[in-house]
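Engineer: Going left to right, the sequence shown walks through residues -20 to -1, 1 to 195 as mature numbering (1 follows the signal peptide of the UniProt record, and there is no 0) numbers them.
These are computed hints drawn from the structure, not numbers from a lab. None of the hints are false.
The list that follows gives simulated cross-link-like pairs (lysine-lysine, DSS-like), each with its CA atoms no further than 25 angstroms apart:
1. 181 / 69
2. 39 / 133
3. 133 / 6
4. 58 / 6
5. 133 / 98
6. 136 / 8
Taking CB as the label site, the calculated pair distances span:
7. 186 / 23: 19 to 27 angstroms
8. 11 / 69: 32 to 40 angstroms
9. 64 / 181: 18 to 26 angstroms
10. 30 / 62: 38 to 46 angstroms
11. 71 / 37: 26 to 34 angstroms
Positions of the beta carbon are idealized from the N, C-alpha and C atoms, including for glycine.
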Amino acid sequence: MKWIASICAVVVMMFAPLSAAATVDKTKPYLMMELVGGNTFDRLKDEQQALREQPELLKTVVEEELMPYVNYRYAGLKVLGNHLKRADKAEVSEFLVAFRAYLVTSYAQVLTQYQDQKINYAREKAIPENQRIVSIPVEIVQKNKPPIKIEFKWRKDRKSGEWQAFDMVAEGVSLLSSKQSEWGGKIRSDGLPAVTEELAKLAQTPIRYETASGQ
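Let the sequences and hints guide you as you build the complete structure.
Structural biologist: This is the structure in structure tokens:
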């Protein structure tokens, strides 16, 4: 889970906190990246004591503040790739449920580690009306470490015109391609239900804050 955890950390850090919560316009992906974080981290601050006492509540924060802007279904189907053609529809549906729960748990755990890193956003560019996929670069500045340069991929819904994030590319490596390679072999050897079961178990991992010593 180390790879996905590190990726999720970058996803969460992407959404830099603003001074006040704001309504998110899903038709503007550049602005959405900034506003979602503002709402999320304002809530983390307001509910800090309750979250420390019950870390599992972080999953609720993720569900309400982050997941509405993540196209987990499209991402999950992309991960399945060619396996999708031969997969049973019911098994695919079960996989997507487990995949989503896995992401929620991963994001929730990362929220316990956020240290208010500085984020440099790309300037907003005009997006052609007929363009449905856009990559938006960001740079994450860390203390005593080289900056992390990332590109987030967003997809526009043809009917609503709203955008959702579905992939991230770090150092030329796509998260979806990475997970496709990682799980592809297991799907071939053990079947899709085996991967679904593994994800479901990982999704049940308890959320924990690190101790003061970082142990």
